[in-house]
Amino acid sequence: MVMHLNAISPFAVVIICVVALLVFGPKKLPELGRAMGTTLREFKKGTSGLLDDEDEKKKSANVIEQKDLEKENK
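Here the sequence shown is numbered in this note's numbering, starting from 1 and rising by one per residue.
Worth double-checking, as some hints may not be accurate.
[What the hints assert, rightly or not] Once the Cα atoms are required to be at most 20 Å apart in a straight line, the calculated SDA-like pairs of lysine to any residue come out as: (1) 57 x 47; (2) 59 x 41; (3) 28 x 17; (4) 28 x 14; (5) 28 x 44; (6) 59 x 69; (7) 44 x 33.
Since the hints were made in silico from the structure, they are not lab data.
All chains, full assembly: derive it from the sequences and hints.
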């Protein structure tokens with residue numbers, strides 16, 4: 001199931017914010033936001049590193065294949 005951002009109504013966002021304010025309090029919300037931002041940033045760095053490694057492996061495999069093909073053609 002794909003959930004689009006416009007599937008959440010503005011009223012639902014207000015309710016979520018009020019509940020978060022009641023549960024965590026006004027002093028903890030900024031700390032929570034910072035912690036979530038840091039976590040997301042680290043996650044993105046980690047996943048981009050994995051994707052970069054995959055790309056490098058594919059490129060090196062393509063280079064090896066091309067060299068093998070050139071040797072066969074000679």
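Comparing the hints with the structure gives:
1. 57 x 47: holds, 16 Å
2. 59 x 41: With Cα atoms ~27 Å apart, residue 59 and residue 41 exceed 20 Å; violated.
3. 28 x 17: Judged against 20 Å, a Cα distance of about 13 Å means the pair holds.
4. 28 x 14: OK: residue 28 and residue 14 at ~18 Å, within 20 Å.
5. 28 x 44: violated, 24 Å
6. 59 x 69: Distance ~15 Å between residue 59 and residue 69 Cα, so the pair holds.
7. 44 x 33: holds, 16 Å
The earlier numbered hints that this structure contradicts are 2 and 5.
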